[in-house]
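Line order of the protein sequences matches chains A and B.
Going from the first sequence to our numbering is simple: count from 1 and add 10.
Going from the second sequence to our numbering is simple: count from 1 and add 10.
Bear in mind the hints are in silico, worked out from the structure with no lab data behind them.
Here the structure is a predicted model, which is why all the values come from computation and not from measurement.
Be aware that a few hints might be false.
A pair holds if it fits inside one copy or across any two, identical chains being indistinguishable in the list.
[What the hints assert, rightly or not] Pairs of lysine-lysine residues, derived as DSS-like cross-links and limited to a Cα-Cα distance of at most 30 Å, are as follows: (1) K110 with K304; (2) K302 with K110; (3) K306 with K243; (4) K313 with K232; (5) K282 with K313; (6) K306 with K67.
2 protein chains.
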Amino acid sequence: MDSQLVVGIDVGGQTSKLGVVDARGTVLAQTVIRTDTYSEVEPYIAELAEAVKKVIKEADAEGKVRGIGVGAPNGNYYTGTIENAPNLPWGHSGVVEFAKLLSEAMDGLPVALTNDANAAAVGEMTYGAARGMKNFIMITLGTGVGSGIVINGEVVYGHDGFAGELGHTAAVRNNGRQCNCGKTGCLEAYASAMGVARTAREWLELTDEPSVLRNLDSIASKDVYDAAKEGDKLALKIFDFTGKILGRSFADFIAFSAPEAIVLFGGLARAKEFLLAPMEEAMNANLLPLWKGKVKIVFSQLKESDAAILGASALAWEL
Amino acid sequence: MDSQLVVGIDVGGQTSKLGVVDARGTVLAQTVIRTDTYSEVEPYIAELAEAVKKVIKEADAEGKVRGIGVGAPNGNYYTGTIENAPNLPWGHSGVVEFAKLLSEAMDGLPVALTNDANAAAVGEMTYGAARGMKNFIMITLGTGVGSGIVINGEVVYGHDGFAGELGHTAAVRNNGRQCNCGKTGCLEAYASAMGVARTAREWLELTDEPSVLRNLDSIASKDVYDAAKEGDKLALKIFDFTGKILGRSFADFIAFSAPEAIVLFGGLARAKEFLLAPMEEAMNANLLPLWKGKVKIVFSQLKESDAAILGASALAWEL
Chain A
11 MDSQLVVGID VGGQTSKLGV VDARGTVLAQ TVIRTDTYSE VEPYIAELAE
61 AVKKVIKEAD AEGKVRGIGV GAPNGNYYTG TIENAPNLPW GHSGVVEFAK
111 LLSEAMDGLP VALTNDANAA AVGEMTYGAA RGMKNFIMIT LGTGVGSGIV
161 INGEVVYGHD GFAGELGHTA AVRNNGRQCN CGKTGCLEAY ASAMGVARTA
211 REWLELTDEP SVLRNLDSIA SKDVYDAAKE GDKLALKIFD FTGKILGRSF
261 ADFIAFSAPE AIVLFGGLAR AKEFLLAPME EAMNANLLPL WKGKVKIVFS
311 QLKESDAAIL GASALAWEL
Chain B
11 MDSQLVVGID VGGQTSKLGV VDARGTVLAQ TVIRTDTYSE VEPYIAELAE
61 AVKKVIKEAD AEGKVRGIGV GAPNGNYYTG TIENAPNLPW GHSGVVEFAK
111 LLSEAMDGLP VALTNDANAA AVGEMTYGAA RGMKNFIMIT LGTGVGSGIV
161 INGEVVYGHD GFAGELGHTA AVRNNGRQCN CGKTGCLEAY ASAMGVARTA
211 REWLELTDEP SVLRNLDSIA SKDVYDAAKE GDKLALKIFD FTGKILGRSF
261 ADFIAFSAPE AIVLFGGLAR AKEFLLAPME EAMNANLLPL WKGKVKIVFS
311 QLKESDAAIL GASALAWEL
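Bound conformation, chain A alone (with noise of 0.2 Å):
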């Protein structure tokens, strides 16, 4: 054959990062450029369709490329557009047909367009954590929650393409933290990078509890977790928390789809070593006696700096 390479574009607000792959998952080639600095779709399509050329033709990949996949947020793989992203300038309001409009900008090749959680799903079943399994959930903690669904091997679209959006069911029912989405109580609310930088805020501002944390001006995840590793106590419960929120929604999603796993990715996951325990318990305490102990939390075993790619690319080998 011909066509064994795969190119994969994750969409991001800032920056989009593009790669050519190889079928075991290994990135060929690969660039950035910049998606914030344009206000209208055909521009950005224009440098972004040069930019996959320059690494096809650096990873020597002319004429073997058989399909892009694309992870975006807001993504819709059944019609192929982004519709209301709102961190995307040039897509935050009204229907950017992008899967069809990067197509034309390459010739013809194959587009396929999903949301970046739907990628990371199906880049771990192809390359990572998932291969292999059949019905698992990919939740990635980043700055929000988003997930991927897959049910007998398949991503879940749902009847409109937007099917998983787990981060936005209820966490906290009454009196929940106000979301970005316009609700409250969203899961993302409190298990996301932004929702443990709001945790330590809320609490360093409602205990009198001794932390590192008082000696910063702001508090990003990051430092919660660099606070945490130095045996800080409220960091740790901190943590705690967060895990425990996530565990217990956890349950619920369980006991929709029992799945085999819920997968872990993104930046916030790298806390494990804090947040497994606590996210085990709560999971299992909430778990009808048939799944107790019997479903598995486990991480991501992409490297993290190809993970983006590999998601998005991982769509293109089903075109």
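Let chain A serve as the given structure and place chain B on it in line with the hints.
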């Protein structure tokens, strides 16, 4: 074709209903046997097989039956077994190889088995309100709350065959009611027939509000329904509360699989006139903007006396 009919069997805690069904969903002949008078499965299966042969004869369907579908509590589609079903005297501990035993007793006729809520989902998709739908969630509001999830036209069974236990997701996270499953705060503890009666008893004790329900010695959900029909304010508030609890849980279910509709069935669903408005309101209030106003709540269209048999029988078309 000479095999244009199927048999449906609904195994309930007290009785088992069975019937011969054609492709249009007409029940050609049916009967009922006891479930609860057998402490061992073998004599129960023997009587069941006799009854099946009798209805086949009655429907003039000898040689025309292509298979048997069974809906049973804790039924596992993958294995054809009933596992630890608390309400079945011959099945409450251990694993009963139901499909295998019945098939043997029926001279090798193929038997498919799943839990009652999944059977209801297949029935609704084959003959009822979900005809033509590829993505919906069936919620059965009976003594408990069951669910059957359909994605891309297929029931979700999950890794182990037990997916779709939405009655045991968290409706209330703190100080929730004790559920029969051993957990607290489950949707089933609030939004089932049992839950409605519990709400009534709780509110009668905690408030002074006048209500015709105060005159009763014991309260079942039917009493609350009758009182609501008479305009009893407390009874109306109970249904309003129940509808809201359901609606906000539906919002979380929708975030999972983005269905076209939630389909409701069961005794409590008869209170549609009191449940629908608060249900829709709470559901839409808790949905992400992209789904607000877009997901239907529909009620079963199957004749209630036939529904259990129809649901189970529909499974057999897939054999």
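Check each numbered hint against the structure and report the violated ones by number, ascending.
Number 6 - this is the single hint that the structure violates.
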